[in-house]
Each structure stands twice: as C-alpha cells, then as structure tokens.
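Undergrad: If you want the building blocks of each chain, they are given just below.
2 protein chains.
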Amino acid sequence: MFNRLKNRVLTSIVPDIPSITPTPSYSIGRPLPEKFQYQRPPFLQLLTPDELKASADHNVRPIIVPRDVAILPFCAGYAECVNSGKSEWNEDQAAFSMQVLHHPSKDLPDLPYVYFGIFDGHAGTGAALASSLQFHHILHEKLVDIIELLLPTNANESPPMFPLMFHKTVSKDELIIGALESAFYDMDAVLAEDRTKYRNAGGCTSVVTLFILGKMYVANAGDSRAILAQRLSKEMIKMQADKPYSNGVKSDSDDYQIIATPFSFDHTPDTERGRILSLGKVHPDLMGGEYIAMEYAKKPMTKDLGTRILYKQGNMKGWTYKTLTKEDLKMPIVTGEGKRSRLLGTIGVTRGFGDHDLRAIGSGLLIKPFLSCHPEIIYRDLSLIISLPDDNNLDGEYGVLIMGTDGLWDVLENETVARITFETLKKYPNEKHRYTMVAQELVAKSRGRANDSGHWRLSDLKAPATVDDISVIVIPVYQYYKEFCEWEKKYFEAQQRREELRNAAISNNKAMNSAASINGDASKSNPIIDNDEDDDEDDEVEEAKEENSTERDEIDRALEKINLNDGNSEEPSESTA
Amino acid sequence: MFNRLKNRVLTSIVPDIPSITPTPSYSIGRPLPEKFQYQRPPFLQLLTPDELKASADHNVRPIIVPRDVAILPFCAGYAECVNSGKSEWNEDQAAFSMQVLHHPSKDLPDLPYVYFGIFDGHAGTGAALASSLQFHHILHEKLVDIIELLLPTNANESPPMFPLMFHKTVSKDELIIGALESAFYDMDAVLAEDRTKYRNAGGCTSVVTLFILGKMYVANAGDSRAILAQRLSKEMIKMQADKPYSNGVKSDSDDYQIIATPFSFDHTPDTERGRILSLGKVHPDLMGGEYIAMEYAKKPMTKDLGTRILYKQGNMKGWTYKTLTKEDLKMPIVTGEGKRSRLLGTIGVTRGFGDHDLRAIGSGLLIKPFLSCHPEIIYRDLSLIISLPDDNNLDGEYGVLIMGTDGLWDVLENETVARITFETLKKYPNEKHRYTMVAQELVAKSRGRANDSGHWRLSDLKAPATVDDISVIVIPVYQYYKEFCEWEKKYFEAQQRREELRNAAISNNKAMNSAASINGDASKSNPIIDNDEDDDEDDEVEEAKEENSTERDEIDRALEKINLNDGNSEEPSESTA
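So the sequence lines, in the order shown, correspond to chains A and B. Residue 72 in numbering that gives the first Met the number 0 sits at position 73 of the first sequence, with consecutive numbering throughout. Residue 275 in numbering that gives the first Met the number 0 sits at position 276 of the second sequence, with consecutive numbering throughout.
In isolation and in its complexed conformation, chain A is listed as follows:
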C-alpha cells in the first residue's frame, strides 16, 4: 500500500518495528511463534511450497487466479499479484464465506448470507493473514446473535413481539451494521490479545462486503476500496434523475453509460485530518509533548517565530492566523497531503486492524488510538433497483462490485476500473470465468509491464505502474440478488405452511376444548404451538411492561415515550452508516 514512493522512503516508513510485547516472560529468551503459517488465500489452491514461492516472484509478478474459477460464490472473480520487492511476501490477503443462519424454530429455511473480504497488510503478514482466516468466524457469531431479530415476517403473520423488547427504534439495517461494527472491534481485540502469544503481526486495512436479506453492506477501515460499477441505459438514467449520477458518467459506445459509485472512502491522515486533530486537541496526553495538533498553511520555521501564521486546529474547515510560538515548531500530528500524508510521521493509513505495538518513528509514542478500527459502512437495498425487463442488462443495472487493495486504486481511477470491467465482460458474454477475466485484467492493467531497466510501467511503458501488492475481487451483484429472491419465495411459502398448520391446530384445539372444556389452559396443552419461543416472547413483553418501575431517577427517561420499532422500518435505498 505504499507505492509511488522511493525505496528510501519505503524502508523508513514501513520499518521492521520490533515487537513490543507487554509480558516480558514471553519475549525474553525464546522468540514467539507465528499464529498462522504464511499462505495465500486457500481458494487459490496453491498446493506446493514451490507454487507458493512462485507466487511471490518479484521479477515476474505472476497474476494468480483461482484454479477453479467457480470456487467463489456467484462465480465472482479474483486475481492477485505480488509487489516488486518491497516485502518478501505478498502482504495482501483475501477471503470469502458462504454461510447460513439457522432459524431457531427449525421448521423454516435457513437464512443464507455471503461475505467477501480484502485485507492489505503492512509491517508484516500476520494481521492480514489472521483477519482473512478469522474475521468471518467473528462476523458469523455476531449474526447468529441477532438471527431472531433478522428473520423476515410475512404480511399475513401478526407482527413479531420483539420490538416491545426495546425503548428505542431498532431496525434490521442497524442490527446488521452493528454486527459488522462489533466484528471489526473484536477482530482488532483478537490481534491485541494475540500479542502475548504470537509474533508481532503488524497491521492491515480491511474492506468487507456482506450480502444478506437482499441487501449489500460494505464496511471499510483503511485505504482499500470498493466501488459499484454500473452500466445503465440513458433511458434509465433519465428515469432516475434524482440520483447523483452527474459524476463519473462515461459514454459507452452505444446507448449506455458507465457509472462508478464509491462504496467506501479511503482513511488516510489527510482524509481523516479533522478526526485526528480533534483527538489530539481534546486529549493532548496522547501526543506526549512531542507533536502539535495543528495544520499550517506554511511550514513553521524558527526565523518566523513571533510572526503570524495561518493555521487550522480541531475540526476547523477554514484557515485563521495565530502568532508563531516555539510550540508550533514541534512535528505536526499529520504531515504531508494525499497518499503521502503520515500520522505521527509514521503511517499512511488511519484505520484498520492490529498495529497495537506500532510506535511513531522518532518519538516512540503509540500510534493507537489515533489509528482506529472503526469501520464506515455503506449499504444498498437491492430490492429497490429498477430493472428494464427486456434489456438483458442485469449486470449493468445491479452493478458489479469491485473490491481492491490500493495497488489497484493508486494507478487506476474508479471510472477507468468501471470501464475496463464492462469492456471485459463484453468480450466474455456467457463464460463462467468472465468475472475472473475482469479481475485478471484489472490486476494486469495496474501492474503493467517491466521495462528493460526492470521498472514497472503502465501499458504505454511511460507512466509508472504500482510496485505494491494488488488484489481484486469482482462480484456480480445480480447473481446474489437472484439467489436471494428464490430463497425469499421458499421462505414465505414455508412460513405460510407453518401458519396454516398452526391455525389448523388451534381450531382443532378449540373444537377439542368446546367438546370437553373442563380444564382450561388450552395453549399449554397444545404440543404443536411452539411454546418455548412464545414463553421467551412473553418474558420480554413482561420486561417491557415493567419499564415503569424505574430503578433510577431519570427525569428524561420518565418523560419520554419513545418510538417503538415496527420491525420492518425501511431505510433509504442507499445510506452511509
């Protein structure tokens, strides 16, 4: 992730920072083991050590695609390529997972979901490797926790009882976003804990996509990126005039336009300057007297002491003057701009997993908590996509999601990536491996070719290509949505059958009761009604009713009668969380 920088800079920016293990008993004497042995993503099926070694040939930089192009869900495409020598191994990692969540009552279909993740490691391979092998397990647990609240309800069925459990509005979107957010926190916490047992794992960025319940959620921490590439007919664009399609619209050869919509935003010291300067301002202890939480329009110099200088602090959006003092000569907490910006003079990314022992060059101060694991989440409800029946353009209308590490994005614009995607799909209209071809093409374009001096150049052999690791996942969104619609149909059919059975049982029961109604409590004696579940719900209702017997004296709480969720509250089709 540190391309476009000279080697001198690279080595000083990604140093082999010694592992600072908090428990000396582990670090003294014997070195700590690696948590996972280095490997490439298992779905690549690199079977021998030789294959692994060949994948990391820094001179050839082979583009690796899965042996079995149908191994990823929806025949999604994947391709990767190692860096040109900045680290021994490819520090990117990727993962996917197809899973189901079991319905607690067992008699309804399981809820399937699909996950993809890309992790760009730095200062070692450990964090990205651990994340690619562990994140989806953590996420799965979070989703299992909320399965009862997620299941769709049929209009024919009475509304579920669970909203009464809460005082505040809780939507399904917020539950899924919360699951992703807490999975990010937990993954970071796992890496923090592992420091006592395993060798320093470094850190990594993380962009993951979760397809569940007909929606697509993209969570990002760091400077990897996801975009949705769409190819829409001009007619369609006219129909959706309220959408902000004015940016990134490229005319296609025919009556279509290619659109690139960002589904993540890069977290660098430059883009996150406001958050970092604010944190430094309210919590100066974190800077240990070594840094200054200000930005200057002009570099402060000793000879200018006492003169005025334009500066910003905290969340300021404008410039204003201050008198230059000695304090201003300290190193700014954020230096540089754009991709070259650095946090505490050390690291060019401000969110991700790991780096718990990473210390600033020079001062030795901890980079955490300026470096955060909190993800930003953007989601889209695929059921709201408008599709023209006879257009045969489902990939274009639902879009193709491109997830990639910054090796890709440093050299290719979002719009260029979107254009290459649809150009390549056109060449392979029906082939199973068409998305793999897109991934391969994107990696090939950003890696370029080595010229006679061994420098990697773009196809014109002039502009420099990336020297960084590159990883790309290409996901046909419609393929997921099609599968979801089939599942949803099946689910509601099963639900209806269950309802019919239940009604039949109740009327049967009533008949029995009216025939011989000496002992009451009909429902308790009916084995078909799922008493277990109902009891749980009753408990919750009872708890909700008990809210008036407040144990703390809070004026506001007592006054407020907060919205109860209808359990199906719809968010706008596309939102940033």
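Keep in mind that the hints were calculated from the coordinates and are not lab data. Only a predicted model underlies this, so the values are computations on that prediction, with no experimental measurement involved. Among the hints, a few may not be true.
Remember, identical chains collapse to one label, so a pair may be satisfied in a single copy or spanning two.
To be verified - Each computed DSS-like pair below joins lysine-lysine, with the alpha-carbon atoms no more than 30 Å apart:
hint, residue 1, residue 2
1, Lys34, Lys105
2, Lys167, Lys329
3, Lys481, Lys426
4, Lys280, Lys329
5, Lys425, Lys481
6, Lys233, Lys425
7, Lys509, Lys105
8, Lys237, Lys509
9, Lys85, Lys444
10, Lys321, Lys167
11, Lys167, Lys280
Following the hints, put chain B in place on chain A, whose structure we already have.
TA: Same frame as chain A, now just chain B:
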C-alpha cells in the same frame, strides 16, 4: 429554549447554578458585578426603564419590533417576544453590524460587509448579552487580519503574489470560514476569562450570518436555526433539476413553489450523540467514573445483570449485543431523545458560548468540553443564483434568510415558516416594513394566544404554542447582493484606473530611463508604484523560496510539492464547512 417541558423539569434543568469562580478572592465577601447591564437589542430603541419592563410582561408577551423599520441593513425585519414566565427577562439577544474593511493601499474602495447574529441564553442573561455586544467586534478584527488576502483581483491584473506565501491551498472561502470559526473560539474564551471579574453569565447558542464578497456564510453553534426560504417558478425548478429540491416543496397558488433550505443544523445531545459518545470513549476521565458512554436499546436494569443488551458506543451507527454489567447501570452520558435529550442529565444543547462553570446535576462534573463552541458553517455564492429577467421575483429567487431561536422552530416547521414568509410578503408588495411584518407574523404565529386559563395556544387554541422567548430576523438576500454588485463595479473601475495610472507611470519612467539611463532601479525611483506593498510581497516570495532550506528533517515534507492556490479557487455554490 426549553419549551414543551413541564415546570418541574424546567426548574431542574435550568437551575440557578451558583457561580463557581476559580479565584476565591473575588467570590468571597463581595458579589461580582454584571459585565453589561441587562438590555434589549439597541436597535429596538427601548428608551426608558418602563419600556424595558413592558417588553418583559409575561402575561401580555408583547411582540416588539424596531421603532424605525429601516434601521436594519436592507430593511431586514426583526421581531421578538418574551417567554411566558420561565425567566424574569427575555434571555434571547440579537445584533447586527454594517462595517467596511479598509484597503491597505488606500486608493481602492473599502470592502463592506454585513453581519447578523441571534443568541439564545440559558441559566442567565449574561452570555447572550455579552455575545450580542461583543461578537461582531471580534469578527471584525478577524476580517481585518485577512483583508489583503480577500480583495478581489481583476482579470486584467497579474495574479497576486500572496499564494506563494503558503505551501497549502488557501481559498478566500477558507479564510472567511476560518475568521468565523476563530471568532467563535475567541468569544467563548472571552466569556471564560470574564469569570474572574464578572458574575456567572450562563451560556448561549449562537447563529450568525456574514454577507461578504457576494456570498452568504451562516455559522451555527447550538439549537437556534437559519433557513433560506425561496419561492421559485416551476420552470426554474425544472432548470435546476440537479438540486435537491424534492424535500420541502410546497405548491403555491400559482405556478410557483415555496422551498425551505436549512442553513444550519441543530446541535443537541441527540443530534451530536456520535461526537459525545466518542469523546467519552477516548477520554473516560471526563466522565469521572459517574457516567457511561454508551447508548442502550433498552434501559439497563439491575435485574437484567448478566443478560445481553443491545448497545452502541463511540461512532457506531448500528446496534450490537453486550452482556449487561454493573458499569452499564451508571447514567448514560446522553439521555433522552430529540429536543428532550440531555447531556450529562443536565443540558439540552451541545454547542454554544459560555457555560464554563456549568456542572452536571448530581455528579457536579464539568459539562465542558462535551459542550463545544465550534460552529458549523454553510455558505452560498450568490453570484451563481440563476434569475429569470422578467419574473420580478428576486426575493423568491435569491431567497429570504430566516434566523430564529428555538422558540420559533419548536412550534413551526421550516416549510411552514417559508410559506408564512411569502404569504406575508405578498400582502405587502412594496412597503418598506414588509420584512418586519414577516418577522412579526412569525413571532405571533409561534407565540399564539393565551386561552382563558392563561395557557399559550396556537391559533386553533388547541395545540400548545411556545412558552419560550422568541426572536426572528428576516433578511432579503437579494438586497445585499444588489449592493454588492454595485460595489464590485465601482471597485473594478477604481482598480482599472489605478492600473492605467500605474502603466502610464511605468512607460513614463521607461521613457525617462532610456533618455538618461545611467542609474538603474527604475521602479524604486517611481513614487506612484506602491512600493510598500510590493516590498511585503517580495519578502513573502523570498520566504517561500527559502522553503528548501528545511530546518527539520521531515521526509514527507521534503517530498511533497503541494498545490499552490490560484487565489480564486471556486468552491461549489453551496457547501457545508
């Protein structure tokens, strides 16, 4: 600002918190004096103590407008009305200022600007009063500081030298935004300093508008609000289809639609939950072990200890489960929702001036720095407004800016306020006092009438009206823009004359030199060229050139060659800072 709350709540929420003066020498023995004697805005010209007293009649609640309806710039309207008894005096204040910034070279016209401000006080009248009397002086100093960087340049003139002074892009918008931001900080600092000398001033919200250089900048901290009410022909709306006019569009009787665009966002514990929970999370010391920086979907209760509960922390947008511990039974840092939300159980607003000694009810912890004085700024370039020549609808096209305290906004929706504005203007098509009539009407509508029991009700005598102080300023934006255009024309004419003089002087000089060119340095010997200014600029250029002789060893700085500003970089016509 605390309407819609029962008296019991009001007294517990806005208590007479004793002044906690940091220097005991002042507070022991003799009470501190007030900084300013209580008064209403000077432009109301309430001349006698009786008039002042009458303005605060809680039973009548008279609507006060300026004696001279042309006293405000552009004949802007103003009206106010006292609360129904929650405090002795009207704690709102308002101010305006028409000023000029002098051109340093003296031979160009001064740059005029206009400022309006509204301040809603709480826990006393002092902070709002001091802000209304002092803020514009602070702002003026900030603008004087940047006058040289603000002055418009003519296309015929060579670009100004000042961008070379900076390593980073500095636009005029950023300079004006920075002036407003730092004026907010300084006003808050003045109130902090005054604590040793004057009686506790309480706190206040602040929304101010600055008209300068053909643009309108609205800066807000707190829950007062500014909206731009526009009346646009449907033809015009069609022309501007890219603008987000879908919300708030009301059909007028004819072919026009009324549009309300927010120019500020309310800062309450509810709207600022993310900022406050994040601050509590990264800086738990600020909570003194008394509060918990989490939000719960259900109220945590002792009997639920050990069970799981949905919660949010920091900037989380979703809900996730945690196990309920004793820690969760502490008071949440933010309680309640919407207008009833409270910070540390005490205050319903999260930004503004003052409150430096305000302590939380119960715990006695300081509310600062959770309470911030940082403003959010929204601005619009009026030169980009499209206007139909023969439509005679300039107020509608440029819009009328309504600034008001929450007494207004708690009872009337933005769209209702916009509708009332244009309905009233229609009744008074040419009158000088038409904007005063709008202000009066808005205050009258939100105050309502007292029913037989003495309760204030809206016009239908059913829905409750506000019991709070109400203040409204109504500004015809086009009137400012018209004056600006005239000034701009004059300015460029003067600039051209200056340029011609300069050129004449130079060619005259050249002729002199070629006639007798023994001693060089022509420009130094020319008294017409403003050497003083040029010297300054030369110094700055020299400084900029010296940037390579870096005194600190920063890898990044040395590598980066940062954008130089062209001095005229245009921002989008409407932006949030």
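Undergrad: Return the numbers of the hints above that this structure violates; sort them in rising order.
TA: Failing hints, ascending: 1, 8.
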